[in-house]
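Asker: Chains as they are written, first to last, in the working numbering: chain A, 852 to 1186; chain B, -1 to 479; chain C, 449 to 742.
There may be inaccurate statements among the hints.
[As the list claims (entries may be wrong)] Pairs of lysine-lysine residues, derived as PhoX-like cross-links and limited to a Cα-Cα distance of at most 25 Å, are as follows:
id, chain 1, residue 1, chain 2, residue 2
1, A, LYS917, B, LYS324
2, A, LYS913, B, LYS324
3, A, LYS913, A, LYS941
4, B, LYS406, C, LYS506
5, A, LYS1131, B, LYS324
6, C, LYS457, C, LYS548
7, A, LYS1171, B, LYS422
8, A, LYS917, A, LYS1091
9, B, LYS135, C, LYS457
10, C, LYS740, B, LYS422
FYI, nobody ran anything at the bench for these hints, they're computed from the structure.
Keep in mind that this is a model prediction, so the values were computed, not measured.
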Amino acid sequence: MTASASAQTRTASDQVLTRARDVVGASELTDATLARYLHGLPGVDKVGADGRAAMLGTRSIKTTAKQWALDTIVSMIDLTTLEGADSPGKVRTLAAKARTPDPQDPTCPRPAAVCVYGDLVHVAKDALAGTGVKVAAVATAFPSGRASLGVRLADTREAVAQGADEIDMVIDRGAFLSGQYSKVFEDILAVREACRAEGAQAHLKVILETGELATYDNVRRASWLAMLAGADFIKTSTGKVQPAATLPVTILMLEAVRDFREATGTQVGVKPAGGISTSKDAIKYLVAVNETLGEDWLDPDWFRFGASSLLNDVLMQRSKLRTGHYWGPDYVTVS
Amino acid sequence: MSFEYAPAPESRAVVDIASSYGLFIDGKFTDPAEGTTFKTINPATEEVLADVAEAGEADIDRAVTAARRAYDKVWSRMPGSERAKYLYRIARLLAERSREFAVLETLDNGKPIRESRDVDVPTAAAHFFYYAGWADKLEHAGFGPDPRPHGVAAQVIPWNFPLLMLAWKIAPALAAGNTVVLKPAETTPLSALLFADLLRQAELPPGVVNIVTGARETGSLLVNHPGVDKIAFTGSTPVGKRIAKDIAGSRKSLTLELGGKAANIVFDDAPIDQAVEGIVNGIYFNQGQVCCAGSRLLVQESIADELVDRLKRRLGTLRVGDPMDKNTDVGAINSAQQLERITSISASGEDEGATRWTAPCELPERGYWFAPTVFTDVHPAHRIAREEIFGPVLSVLTFRTPAEAVQKANNTPYGLSAGIWTEKGSRILAMADHLRAGVVWANTFNRFDPTSPFGGYKESGYGREGGRHGLAAYLQEGHAL
Amino acid sequence: MSARLDVRKTYKLFIGGKFPRSESGRTYEIVSDDGAFLANAALASRKDARDSVVAARKAQPGWAGATAYNRGQVLYRVAELLEGRRAQFVEEVAVGEGFKPKAAEATVDAAIDRWVWYAGWTDKVAQVAGSANPVAGPYFNLSVPEPTGVVVVLAPQGSSLLGLVSVLAPVLVTGNTAVVVASEKRPLPAITLSEVLATSDVPGGVVNVLTGRTAELALPLTTHLDVNAIDLTGALGAQGVEWGALEAEAAGSVKRVVRPPADDVEPDWTAPPNGPRRILAFTETKTVWHPKGM
Chain A
852 MTASASAQTR TASDQVLTRA RDVVGASELT DATLARYLHG LPGVDKVGAD
902 GRAAMLGTRS IKTTAKQWAL DTIVSMIDLT TLEGADSPGK VRTLAAKART
952 PDPQDPTCPR PAAVCVYGDL VHVAKDALAG TGVKVAAVAT AFPSGRASLG
1002 VRLADTREAV AQGADEIDMV IDRGAFLSGQ YSKVFEDILA VREACRAEGA
1052 QAHLKVILET GELATYDNVR RASWLAMLAG ADFIKTSTGK VQPAATLPVT
1102 ILMLEAVRDF REATGTQVGV KPAGGISTSK DAIKYLVAVN ETLGEDWLDP
1152 DWFRFGASSL LNDVLMQRSK LRTGHYWGPD YVTVS
Chain B
-1 MSFEYAPAPE SRAVVDIASS YGLFIDGKFT DPAEGTTFKT INPATEEVLA
49 DVAEAGEADI DRAVTAARRA YDKVWSRMPG SERAKYLYRI ARLLAERSRE
99 FAVLETLDNG KPIRESRDVD VPTAAAHFFY YAGWADKLEH AGFGPDPRPH
149 GVAAQVIPWN FPLLMLAWKI APALAAGNTV VLKPAETTPL SALLFADLLR
199 QAELPPGVVN IVTGARETGS LLVNHPGVDK IAFTGSTPVG KRIAKDIAGS
249 RKSLTLELGG KAANIVFDDA PIDQAVEGIV NGIYFNQGQV CCAGSRLLVQ
299 ESIADELVDR LKRRLGTLRV GDPMDKNTDV GAINSAQQLE RITSISASGE
349 DEGATRWTAP CELPERGYWF APTVFTDVHP AHRIAREEIF GPVLSVLTFR
399 TPAEAVQKAN NTPYGLSAGI WTEKGSRILA MADHLRAGVV WANTFNRFDP
449 TSPFGGYKES GYGREGGRHG LAAYLQEGHA L
Chain C
449 MSARLDVRKT YKLFIGGKFP RSESGRTYEI VSDDGAFLAN AALASRKDAR
499 DSVVAARKAQ PGWAGATAYN RGQVLYRVAE LLEGRRAQFV EEVAVGEGFK
549 PKAAEATVDA AIDRWVWYAG WTDKVAQVAG SANPVAGPYF NLSVPEPTGV
599 VVVLAPQGSS LLGLVSVLAP VLVTGNTAVV VASEKRPLPA ITLSEVLATS
649 DVPGGVVNVL TGRTAELALP LTTHLDVNAI DLTGALGAQG VEWGALEAEA
699 AGSVKRVVRP PADDVEPDWT APPNGPRRIL AFTETKTVWH PKGM
């Protein structure tokens, strides 16, 4: 790393640290000072939160609104394949799908990104050249995150070196649940540095794995911890653990980014991932963004869907709106 | 980019509205003896929906007589298990025809279709279902081994939840073995008249339920009829007091469900986003036209500014407009008269020095509309802190300690409901103990269930509706002596 | 040796745990069932009535805030003291109501036993009348009976102890406080009962007893805005009192009204009470909801 680049990175990290100390109100970020701050955030009543999500889910989005919503959803999708059996061929097929989602409709927007394991980033980059579709890589010993920091950073650096535009990291849930908040904070900060190393500008998405965090209070605390440590996006899940993204949890995270911007002036994005496979569900999420945050987040730069089968369902719905009759799975391409 | 929701209208076609309706007496629709009628309109558009009969003295007499005959000859002789089956039928039919009833309720009342569909109609059906099961178990209900019904029950209901209030009245009355003469509110008679049609399908014996439409005069004739044994009234406190005075000395049994000015109390450790939802639900659900509305927000002073900011931001996302649109959150005010009342009491808010804020929204040209409004800098002496507005107007007051919150919350002649928002369990229970209100919602608001008794302390009325307690009003061995 | 002159009792009001005379300074004659002079009783005024309500309201939070167990113990001890004064009550009842000794004894015994019966209800009413309601959602939902507050009791005109106990004891069980308007012509057992209460653990103000003209006292108490409920039993047979008119006045503040017994006739007070019905007539049901969620 060049001297100035590394100095730049360190300055950026210092800024994050300084801001975090200011917000937390402590000269040192320890488990105790972080706990005091995070546990001082307002609690979440689960039944009330579930009720709000259910109410938002009753919105009826039709005709022109539905058209707009479907197009927007496509443009927000991180088209994903994260299987042990992924191969270069598989990734190229996925990339081809991202390049041309609907062969019968060239007006169909492209998804925001393709999301793959770090060792296949270069395949995706090649296949997507010239499309504007970004390449996101999962890193840090995804999905469990159970490896040393050194291993997790090496994982990250390799993906960044291959050209990943975005890194989706996982937090150490064991550390979080046992109160080691400073470790979680430092991990995120280190990965963030790795994303910005050597002139790279990979955006960092921090996966909270909300299904393992178990309570809504924990989701709120983990969201703030991740944002204080410099996350560009907070993401619900790896998709490998049930439950993955749910509407109430996502709304909770939308509220967190709203409050964070109010407190610090910094806007952070949100990505629900896993379990969103129908247009109907995806529309509910879009409604939630609309009514919790408004215009500022209704953009692929600030909201993403981590999904694989969702795209085809949306394409079928788009086609139905366009042509008036129901579509079938044989009429959309597999990826 | 902005996300504009396209219109998502519910279809009117599902319900047939006749051009005129008679009185439902003794199992049939008949014209009123003196032929007087009045119109019922859609408050969102001011369009006339139908002509409705006004029951006069002779009609009331005929209805009460029919109810008495049905009681003597049929209903009082029928085993509880058979009465139960009629009530189950009614519950099922209401569920089957729910879409029809929801649309009709929205057209006649002005409330959003989402609410009629998701709250009013299902809860009404559930009430019938719940009380059906009591009809043959009265000896186990805690009123002695052989509790007896009163006989003929006169029931006068309000316009804010027309079908639901009808269910709250008729279900327990019939389960306990009474027969009924019910007068729906003047501005919202249609769902009761459709209910009469449902009774035809249920083949309920003639005279067991009679629906007599009319206004204040009809209600007065009904409650004062000597052939009535029991009266149940839900409505305004002044009218409730008038009824209690009119029947004094007559030994008619009476239960009242009157007004309220509930305090929604938010502590500094409240789950704040859910508290905001609870406040919004508390005062803007049903356009604030709810007896148990959380019309006074009592917020701990240390978080007052932050809470009000969050509240205003949230109110900006409320959708006010066509009640038939599935995305509408706040519908029309029920009548010109009610709108006038809300407007004038709100004006007093500014006159008396409170600060007025109105949610930004476009109100339709025709119809009766009032934008959600918040008053801050309100003090207990202000009219908007004391009087029931019955509209989408919230008055915000502050407090410093739990004792002060209790004192301010209880400092009202009313006592129907209250809300408490705090994460601290022991404080929830202690506050619930001290609040003089018949319903206390902790970390939630406006929750109703057929099993859950509802009713007021002090001038909010007496008697409970719902649950085992709800049977007491309709049995001679019920608690009131 | 000449017969000893007895030291006659002065019958005063019982307000706030003390025995004041009427602020009006008035008294009126109480005679036995066969017309013999018994005593001068205080003739309470509307101001005494007002003071009683103030005392009752002041004592109410403390009485309601005591545990049910504590209230039960206090009420039971009252029965112990009643028993101790049995002879005095027997004499007052006999002479006031014209009972033969055996009948008077039976009445007094029944009154004491009734008081014991009500004492045992304090910690059971909530279990019989309360409920956990199975609402259709993730909520804890509980209904509990609470005392309505300050209750005005027009004690029966005829049955001066048994009837009095039958209307007063149920009021106290759940934590209400009472302003009792004693039988107009037979108030003496009510004052003796007050003496029992004053020497028991019942806090001052929980029971207040006014003697005097029912007609004069009933109206200010019925229209008093700080009274929550009124038992109109004593309206029957009271001179110049029409219970329907009182009920009409009570409507002005939505008071809870317990009407006089059916057929406008004092019942046979020896009949057992109708379960906790009389207790529950002076309670409000409070229903509390709370979400259940991790």
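Asker: A separate judgement is required for each hint: does it hold in the structure or not?
Answerer: Okay, the hints, checked on the actual structure:
Under the criterion of a C-alpha separation no larger than 25 Å, the hint pairing A/LYS917 with B/LYS324 is consistent with the structure, at around 14 Å. Of the supplied pair hints, the one linking A/LYS913 and B/LYS324 holds, its CA atoms being roughly 11 Å apart against a limit of 25 Å. Between A/LYS913 and A/LYS941, the direct Cα distance comes to roughly 35 Å. Violation of the 25 Å bound is thereby established for this hinted pair. A threshold of 25 Å between alpha carbons decides the hint, and for B/LYS406 with C/LYS506 the separation of about 18 Å falls inside it, so the pair holds.
The hinted pair formed by A/LYS1131 and B/LYS324 meets the criterion: a straight-line CA distance of about 16 Å does not exceed 25 Å. The suggested pairing of C/LYS457 with C/LYS548 holds, with an alpha-carbon distance near 23 Å, which does not exceed 25 Å. As the CA atoms of A/LYS1171 and B/LYS422 are separated by approximately 51 Å, the hinted pair breaks the 25 Å bound. With a C-alpha separation of about 30 Å, the suggested pair A/LYS917 and A/LYS1091 falls outside the 25 Å cut-off, and the hint is violated.
Restraint check: the Cα-Cα separation between B/LYS135 and C/LYS457 comes to about 56 Å, which exceeds 25 Å; the hinted pair is violated. A hinted pair counts as satisfied when its Cα atoms are at most 25 Å apart, and C/LYS740 with B/LYS422 qualifies at roughly 14 Å.
This entry does not satisfy hints 3, 7, 8 and 9, going by the numbered hints stated previously.
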